[in-house]
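J.: Produce the entire structure from the sequences given, and follow the hints as far as they go.
One line per chain: the protein sequences are H and F, in this order. Numbering-wise (the working numbering), the first sequence opens with residue 1 and increments by one. Numbering-wise (the working numbering), the second sequence opens with residue 1 and increments by one.
Be careful, since some hints might not be right.
To be verified - Taking lysine-lysine pairs in the DSSO-like style, the calculated list, with each CA pair at most 27 Å apart, reads:
| id | chain 1 | residue 1 | chain 2 | residue 2 |
| --- | --- | --- | --- | --- |
| 1 | H | Lys893 | H | Lys942 |
| 2 | H | Lys898 | H | Lys947 |
| 3 | H | Lys681 | H | Lys668 |
| 4 | H | Lys681 | F | Lys97 |
| 5 | H | Lys867 | H | Lys681 |
| 6 | H | Lys762 | F | Lys6 |
| 7 | H | Lys681 | H | Lys866 |
| 8 | H | Lys600 | F | Lys6 |
| 9 | H | Lys758 | F | Lys6 |
| 10 | H | Lys942 | H | Lys862 |
| 11 | H | Lys893 | H | Lys947 |
| 12 | H | Lys862 | H | Lys668 |
Treat the hints as calculated values from the structure; they're not laboratory data.
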Amino acid sequence: MSQSHRIAGGQIDRSTTLRFSFDGASYAGHPGDTLASALLANGVRLMGRSFKYHRPRGPLSAGSEEPNALVHLRSGARQEPNTRATVAELFDGLTATSQNAWPSLRFDAMAINDRLSSFFTAGFYYKTFMWPAAFWEKVYEPIIRRAAGLGALTREDDPDSYDKAFAHCDLLVIGAGPAGLMAALTAGRAGVRVILADEDFRMGGRLNAEVLTIGGQAGGDWAAGVVAELASLPNVRLMARTTVVGAFDAGIYAAVERVSDHLPVPLPGKPRQTLWRIYSKRAIVAAGATERPIAFENNDRPGIMLAGALRAYANRWGVAVGDRVAIFTNNDDGLRSAADLTAKGVQVVAVIDSRTDGPLLPGIRHLRGAQVIDSTGRLGLSGITVRLATGQTETIACTALGVSGGWNPNINIHSHHRARPEWRADIAAFVPGQGGPAGLIAAGAAAGHLSTYGALAGGHVQALAVLESLGITATAGDLPKAEDAPLNLSPLWHVPHGKGRAWIDQQNDVTVKDVKLAQQENFTSVEHLKRYTTLGMATDQGKTGNVIGIAVMAELTGRAIPETGTTIYRPPYTPVAMGALAGRSRGKEFKPFRLTPSHKWASEQGAIFVEVGNWLRTQWVPKPGETTWRESVDREVLATRRSVGICDVTTLGKIDIQGTDAAAFLDKVYCNTFSTLAVGKCRYGLMLREDGMVFDDGTTARLAEHEYVMTTTTANAVTVFRHLEYCRQVLWPDMDVQIISTTEAWAQYSVAGPNARKLLEKVVDQDISDAAFPYMGAGSVTLGGLRGRLFRISFSGELAYEVAVPARYGDALMRRLMAAGAEFDAVVYGTEALGVMRIEKGHVAGGELNGQSSALNMGLGKMVSKKKDSIGMVLSQREGMTRADGYRLVGVKPADPKGVLQAGSHFLEVGAPVELASDGGWLTSKVYSPHLGCDIALGYLKAGDQKIGRRMRAVNFLTGTDTLVDIVSPHFFDPDGERFRG
Amino acid sequence: MADAWKSLTALGHDTARTVTVGPYRITERDDVALASVALRRGQDQAFAAAAAKAGVPLPPPLQSASGTPYGAFWVTPDMWFVTAPFASHEDIVAHLKPVFGAAASITEQTDAWVCFDLSGPALTAWMERLCNVDLAVVPDGYATRTMMDHLGVYLLKQGADAVRLFGPRSSAQSLLHALEVAAASLA
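T.: Printed below as a string of structure tokens:
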């Protein structure tokens, strides 16, 4: 077949031929075609199978409202499901395949569903598949999902990239039809910043699909002229192929720009799509209107489409969908299709006008007061049956039928903030109501002005109103001449005839019968109607079907349509690829990395990194010959305790706190006291939340009378800083306190072990003997002349220091420490070894700082000073928080040294039944201690301080373990602290 | 200071480099010393007088000011980031503390940030892919805090085709990657 249905005219470039394939067959088309127009030009009407009944379907529309012609576009990893053929721009080499059909589109085995339709009525899945319940998820759902569905995912990674961007304007105009163009022109000429976004690749909207003239020019030519003028204005941004998909708060709109969808593959570096966030002061929605069909028996055959689409294919794309065409209308606009097609030389066999007084077109057979009641043709329309005004029926052979039941203004965006639309009886349609998004107004057909002149005037007037609201005076201009005919619609929603099925929502296979069933079963609210029948769901959001469904329900219940109501549209207006929502945040770039200043050095050592927040921290550093992580970690622990180890602690949060009230401020945010801390010393601090639970911990050093530096856990660095800002700005705004994060400014290393001082003495210029720099000393030092900071603190329980230099010298300091430590066999240790040593010392960390534990739970109850007020102090003294049988931190060892402990295990008394009532607490963190030669752990145990020495069970259902354990002091190693004071 | 100490730039190089993507240039600047200078309560007059005497500009909100040796941009109520040449002011706090005395809280910020100078045509088109700053409209000297690919950055407009960014140093590579990808989509 070579474009057998192509006729003269249209906005396609016939000088270039594009090759494409559908279901393996090759076809030709031209630039300017959509996949649907090109297939129709080649005589292909059958493009898909329906959702539930697998009925053969062709395009109903020529735009984004399309419910039927959904295909898999492209192949391989780029294959995209549920692509509307009516808006897929044709490119050379395009491949598309049909979906929801097996083994082929023409012979679909699942079409048996159509024969069994009486079993698949509305709500069938609520009534069947009920027993047994165990089958719901594992048997019934997979079967239903396989039988009923749309496109399939490839399960391959999308090879293309997506982008996000921000745009700003005074006025966003949504839609570039006559109203949108006029609005953009009016505002653009007045000099305000305008963004004009349109989902089509060619701006002009319906003007491209009509032969109507504007000011004596063809509508399409007028549109092209306006677009050219807008393009010349520096204050106007034209965004074609851009769908505004949602209205959000404060004039913010989301829009998807299909940057590369019209190309076989994106150009190098270019995204496939860009998700724009458009910040506007005002917006005009000029999204036009969508034609709606009339429901009659078998009204879903390929070849039956909206009358406006039928003439759009002829006028814009030079395609005659059929050689014998009939029109079924209840309004004057439908007659345009008959006139346009006749002018194009297409045979119009009849106009079936449900009105008795519709105008007559010369040379065309009119059947007034008649209705189409049925159609024939298995895989495509071959004829229709018409009930004449006399009551007699007549069959008419035809291969295309254009149906017009009127036009629905596109109120979607307007109702994104739950604005209820209003009913306008003269056009029998909903128009935007009150309470839409602030700053958004509708113009043109979207506001219910369905004539060309009405659209032009609406766009102009609304733009003037916007300008006035922005404080700009602009005078009304002369509008070009254009048609201004009324629709003359006489409502007809469905043709009452026979017992067959008449489709309302073609995408979801919802028929008039389904609505009747819903009504019979008392699902009469529109919201219930939607859920019970699936009317208006899925990719098209019921753009062609919703109003008919509501009208049929109104008819059945005897209510008026506005009383029956309408469901609310939600974003997105048309489907959005997940990739566009993700933008650049995917794979390795899902979130930013944070690297410490000595990351390069650690990489050179072959360090294994672990993600902690966004940081990459050294977890351990394997040495040659080590085959398991445990070997490396054991070595790091033993070497540190034996001589000296170095650990990168840059990631701990550091907050500079200054001001004359800094000391008083710290006394309020920490539960223990810092105002008494001497300059040049540091102290462990515990921070509570208002509810008395522990929030974070760390050491804070006093560098000067009014200057402290606080450290936080790595995980809470940001939340603690935010908390302090809140305290400073909101709770105590009169305090003289200034804070700023210095986490990244300093590279900081822990040097721990019996030889830590000896090592540092080679690096630090000052005297750091125990006398000169005692335990918990802190202050500025120099290292070979370089400014630095030194803190004598220990998390490992060893004689330990933390030494810091400006981040740019972190790499050099690490190398210098390792060189200085060579004579002591210094090792680098990572977070795993750190974890082993802190548990050996009984220090709390992530597993214990779980947001549900108090200082008392942690064995730190005495740290909560009662002599002063601090955040959380009062509530930490609540009765339930201080009970003697509450959780207490304990140490845990397996009764058998070879026993294995599991974090998350629950403690039970030996002999107690394994049930919730016996639960005594849980094991929070566990490691293997190379010093003790067995697993050791920390845990929260009820009245744990009274149970030291008791033997209990640690039961873990997840790992299926049940281990006898001994409850011991959490201080496994050097309980008297002789080492770190050394 | 301490010649024997070898430094690495935020991107991990020995010296700062320029990355070019089509007409767009991203230059790492490791020669800018930075300190936060915050007004202490009730010290307004002494603070302003000290700044004026030492030539430390104190621009109003959303603005930056340049000068020799000190430049500055506003970051939050009563706080500025003050810049100076790294070569002469590496220990910038040591320079500023005598100026402000007890009137200000001053904290070294030099190595907390990576500094990128961006240049090229149509910087607006580049920046709108990264942040919600209406670069076409804001004046030269504009300074703000914004987000780029989840990272909080300070953005200073230094001319129609020049922008300076201060981003978190530890994420310098991630920020550079975002800048490169956005530039590549335009180049």
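J.: All hints are to be evaluated individually against the structure, with a verdict given for each.
T.: Against the structure, the hints:
Under the criterion of a C-alpha separation no larger than 27 Å, the hint pairing Lys893 (chain H) with Lys942 (chain H) is consistent with the structure, at around 17 Å. Taking the CA atoms of Lys898 (chain H) and Lys947 (chain H), the gap is about 23 Å. The hint holds against a cut of 27 Å. For the given pair, Lys681 (chain H) sits about 19 Å from Lys668 (chain H) by alpha-carbon distance, which is consistent with the 27 Å threshold. Of the pairs offered as hints, the one joining Lys681 (chain H) and Lys97 (chain F) holds, with about 22 Å between alpha carbons and a cut-off of 27 Å not exceeded.
For the suggested pair Lys867 (chain H) and Lys681 (chain H), the alpha carbons sit about 22 Å apart, so the restraint of at most 27 Å is met. Distance restraint check for Lys762 (chain H) and Lys6 (chain F): the Cα-Cα separation of roughly 18 Å lies within the 27 Å cut-off, and the hinted pair is therefore satisfied. For a cut-off of 27 Å, the pair hint linking Lys681 (chain H) to Lys866 (chain H) stands: about 23 Å separates their Cα positions. Simply put, Lys600 (chain H) and Lys6 (chain F) have alpha-carbon atoms about 14 Å apart, close enough for the 27 Å limit, and the pair holds.
Distance restraint check for Lys758 (chain H) and Lys6 (chain F): the Cα-Cα separation of roughly 23 Å lies within the 27 Å cut-off, and the hinted pair is therefore satisfied. Note on Lys942 (chain H) and Lys862 (chain H): the hinted pairing holds, with a Cα-Cα distance of about 18 Å set against a maximum of 27 Å. At roughly 13 Å between alpha-carbon atoms, Lys893 (chain H) and Lys947 (chain H) fall within 27 Å of each other, so this suggested pair holds. Under the criterion of a C-alpha separation no larger than 27 Å, the hint pairing Lys862 (chain H) with Lys668 (chain H) is consistent with the structure, at around 16 Å.
Violated hints: none; the structure is consistent with every hint.
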